[in-house]
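These protein sequence lines are chains U and G, in that order.
Reading the first sequence from the start, the letters are residues 1 to 448 in our numbering.
Reading the second sequence from the start, the letters are residues 1 to 283 in our numbering.
Some hints could be false.
Listed below are several chain G residues computed to face chain U (Cβ distance under 10 Å; list not exhaustive) [claimed, not checked]: (1) Arg93; (2) Asn220; (3) Glu226; (4) Pro247; (5) Tyr282.
Computed footprint of chain U on chain G; a stretch qualifies when at least three of its residues, placed anywhere within it, have a C-beta under 8 Å from a C-beta of chain U [unchecked claim]: (6) 120-128; (7) 155-169; (8) 203-217; (9) 232-246.
These are calculated hints, taken from the structure and not from any lab test.
All residues carry an ideal CB built from backbone N, CA and C; glycine is no exception.
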Amino acid sequence: MTDTTHTDPYASAQDTTGGKVFTVTGHDWDSVVAGIDGDAEERVVVNMGPQHPSTHGVLRLILELDGETVTECRCGIGYLHTGIEKTMEYRNWTQGVTLCTRMDYLSNFHYEAAYCLAIERLLGIENDIPGKATVMRVLLMEINRISSHLVAIATGGMEIGALTVMTIGFRERELCLDLFELITGLRMNNSFIRPGGVSQDLPPESLDKVAEFVAVMKKRLPEYAALCNENAIFKARLVDVGYLDLAGCLALGISGPVLRSTGYDWDLRKRQPYCGYETYDFDVPTRDTADAYGRFRIRLDEMYESLRIIEQCAERLRGMEGQPVMVGDRKIGWPAQLAIGSDGMGNSLDHIRHIMGESMEALIHHFKLVTEGFRVPTGQAYVAVESPRGELGCHLVSDGGTRPYRAHFRDPSFTNLQAAPAMTEGGQIADVVVAVASLDPVMGGVDR
Amino acid sequence: MSDSSSENRPAEPPPAGQPSGVPEEPVGERSMRDKPVAERSIQDKSLNDKSVILSDDPGPLPPRQDLDVVDVRHGMFGAEGTGDTSGFDGLVRQVAIPGATERPYGGWFDAAADRLEAVLESNGLPDALDKVVVHRGEITFHVKRERLVQVVQQLRDDPQLRFEFCSGVSGVHFPNELGAELHAVYHLLSMTHNRRIRVEVTCPEADPHIPSVVSVYPTNDWHERETFDFFGIVFDGHPALTRIEMPDDWPGHPQRKDYPLGGVPVEYKGAMIPPPDQRRSYS
Numbered sequence: 001m002t003d004t005t006h007t008d009p010y011a012s013a014q015d016t017t018g019g020k021v022f023t024v025t026g027h028d029w030d031s032v033v034a035g036i037d038g039d040a041e042e043r044v045v046v047n048m049g050p051q052h053p054s055t056h057g058v059l060r061l062i063l064e065l066d067g068e069t070v071t072e073c074r075c076g077i078g079y080l081h082t083g084i085e086k087t088m089e090y091r092n093w094t095q096g097v098t099l100c101t102r103m104d105y106l107s108n109f110h111y112e113a114a115y116c117l118a119i120e121r122l123l124g125i126e127n128d129i130p131g132k133a134t135v136m137r138v139l140l141m142e143i144n145r146i147s148s149h150l151v152a153i154a155t156g157g158m159e160i161g162a163l164t165v166m167t168i169g170f171r172e173r174e175l176c177l178d179l180f181e182l183i184t185g186l187r188m189n190n191s192f193i194r195p196g197g198v199s200q201d202l203p204p205e206s207l208d209k210v211a212e213f214v215a216v217m218k219k220r221l222p223e224y225a226a227l228c229n230e231n232a233i234f235k236a237r238l239v240d241v242g243y244l245d246l247a248g249c250l251a252l253g254i255s256g257p258v259l260r261s262t263g264y265d266w267d268l269r270k271r272q273p274y275c276g277y278e279t280y281d282f283d284v285p286t287r288d289t290a291d292a293y294g295r296f297r298i299r300l301d302e303m304y305e306s307l308r309i310i311e312q313c314a315e316r317l318r319g320m321e322g323q324p325v326m327v328g329d330r331k332i333g334w335p336a337q338l339a340i341g342s343d344g345m346g347n348s349l350d351h352i353r354h355i356m357g358e359s360m361e362a363l364i365h366h367f368k369l370v371t372e373g374f375r376v377p378t379g380q381a382y383v384a385v386e387s388p389r390g391e392l393g394c395h396l397v398s399d400g401g402t403r404p405y406r407a408h409f410r411d412p413s414f415t416n417l418q419a420a421p422a423m424t425e426g427g428q429i430a431d432v433v434v435a436v437a438s439l440d441p442v443m444g445g446v447d448r
Numbered sequence: 001m002s003d004s005s006s007e008n009r010p011a012e013p014p015p016a017g018q019p020s021g022v023p024e025e026p027v028g029e030r031s032m033r034d035k036p037v038a039e040r041s042i043q044d045k046s047l048n049d050k051s052v053i054l055s056d057d058p059g060p061l062p063p064r065q066d067l068d069v070v071d072v073r074h075g076m077f078g079a080e081g082t083g084d085t086s087g088f089d090g091l092v093r094q095v096a097i098p099g100a101t102e103r104p105y106g107g108w109f110d111a112a113a114d115r116l117e118a119v120l121e122s123n124g125l126p127d128a129l130d131k132v133v134v135h136r137g138e139i140t141f142h143v144k145r146e147r148l149v150q151v152v153q154q155l156r157d158d159p160q161l162r163f164e165f166c167s168g169v170s171g172v173h174f175p176n177e178l179g180a181e182l183h184a185v186y187h188l189l190s191m192t193h194n195r196r197i198r199v200e201v202t203c204p205e206a207d208p209h210i211p212s213v214v215s216v217y218p219t220n221d222w223h224e225r226e227t228f229d230f231f232g233i234v235f236d237g238h239p240a241l242t243r244i245e246m247p248d249d250w251p252g253h254p255q256r257k258d259y260p261l262g263g264v265p266v267e268y269k270g271a272m273i274p275p276p277d278q279r280r281s282y283s
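Sequences are here, hints too, so could you generate the full structure?
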């Protein structure tokens, strides 16, 4: 009895185009097993995501399995596409910061910085940015690198069941976000780095808080090493998983910690310095294992290096009290000033008194810049910065107007995610989770 | 309230001849092409801007640069028929992007351009380059689209060029640049020599085909899908050119300039504020 459909008293025969159909009612499982014996298809296609706790966000993985082995992996993205690049074309250059900071919400300062550096190149004011603004940008970017790597390690740990790694990772990330809140007023989506500088000066107590943060992190970062580095289960899950060598990385355009895990110390902060990174003393950690464990260790080591840079930034900022944080050109620098009032943060009363009562020119500048914005000369620029995930490029095209004609972000998460098939095919399904976590894609950046 | 109330807002921006940003001369009816080059170059603000020269990394700016007019705008605020009596609706502004640059380009640009030309010549592709643009310290090679794959192959493989890393492709849409409405812009990085260049290819909207470079740079797989998705540029030879960000059955290509942003009018204190793409704008 091989064809159950015709002997079943409760179900009539069916014509299908998709192969044999088994209608199972009651206790005829034996006949089903007998029926599929021999000519059954081994191929199973599993749809993992987009709502899955282990896919690092709204990522959909379409896995073709042979038993536990992945024979084909495809990524489905676009679930978080919000058309940010299109929206930026309808807002002025300064407002674009508010939009691009929402792309990769875990490393938003890098997006703001890349965008503003590209605008400054088009404006030709790259060398006019006040030193204090540049140091503040570096400070914020490096704190952001730490918070981003902490989330990478925390969620990566959670996805393989190491919940303690997650809880301590998010605990330390909260310290980073507290600093952001103190300095910029917001925990995330800060839109603090602006074309021409940064939006506000440092609050008075912030450098002490930064020093406290560095001290705490120096105590806590070794906890990760003690918990994970030689942990047998952790290593069993990560070592030799998600392998991708240097040739594969270059062909697929992979950058960041994944590239450095092949032993190549490519870091834009060293190779093509921006924001004065060449004046800071730090190292570029590499590994040569080209696997998920190497990437974990690189992220851990990079956090120490970021702490070194943060210390140097804090030291420089101590000597820069009272210096400007916005470019001196009044036709570009954002004119509005904020201050803490009795009802919280709001427009500075001194500034309003100045523009309303003292200076007609200041009023005109304020009005024109806030309602219309500044114009950027025609041309295009591409500026790349080293985000926690790799090369983050911003390609801006200006038509001479007050808005970007085209803003495109070369997102490292988007590009790196292309390596998921190369890293996972031929491996176990459980290793897919580890490999994707080692790429650390942020879907807000992938889909934009 | 009706739509017309938004036009009666009390806070009408004062008419301003000089936009607050970089000073700009309104260009009259006279075509820029009729002017002598020396006069034409006045329009290129980068040459008048002292700070640019300071920030230019690879050396002094090229002596002369053409300008390519890609668009002509009328009026001041992008609004027509609003009874604007200021006279600004008669304004005509040409949008001119930096055009071909004359040698010397400065810095390593000359050596790289020489080498690329020599390599193309020896491979029987002397006509592959349309023009070279140097602007803001970045060099752009404009390549004929039918030669794109051979050119990037040489850019990647020649040991003196060795652009082994491609940062993807980005589309730009100039709806009024007739015959070259769609641009595909590639950013290449040579890790060996620590250099960046830009390669730009154009295609007309009526025939939106550009050869795929996935065979040379596999990383462009997703980037080309994205550019196809948003701009409708068909990359011939791509292994599986499908939409990537938008749903598979989405009509149109959203990043094109003629594709509306969308949005609904919002009422605020009795006045209707039109959606962002229909508001008055200064561009």
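Do the hints match the structure? See the list:
1. Proximity of G/Arg93 to chain U holds as hinted, the smallest CB-CB distance being about 8 Å (cut-off 10 Å).
2. Interface restraint check for G/Asn220: the shortest CB-CB distance to chain U comes to about 8 Å, inside 10 Å, so the restraint holds.
3. Satisfaction of the interface hint for G/Glu226 is found here, the shortest Cβ-Cβ separation to chain U being roughly 8 Å, below the 10 Å cut-off.
4. Below 10 Å, beta-carbon pairs count as interface contacts, and G/Pro247 has one with chain U at about 7 Å; its hint therefore holds.
5. At a threshold of 10 Å, the smallest CB-CB gap from G/Tyr282 to chain U is about 5 Å, leaving the interface hint in force.
6. Check on the region 120-128 of chain G: 0 of its residues sit with their Cβ under 8 Å from a Cβ of chain U, so the three-residue criterion for coverage is violated.
7. Proximity of the region 155-169 of chain G to chain U, defined as three or more residues with a beta carbon under 8 Å from a beta carbon of that chain, is established by the 5 residues found.
8. Counting residues of the region 203-217 of chain G whose C-beta lies closer than 8 Å to any C-beta of chain U gives 1; at least three are required, and the coverage claim is violated.
9. Taking a C-beta to C-beta cut-off of 8 Å, the region 232-246 of chain G contributes 4 residues in contact with chain U, enough for the three needed, and the coverage statement holds.
Of the numbered hints given earlier, the model fails hints 6 and 8; all others are met.
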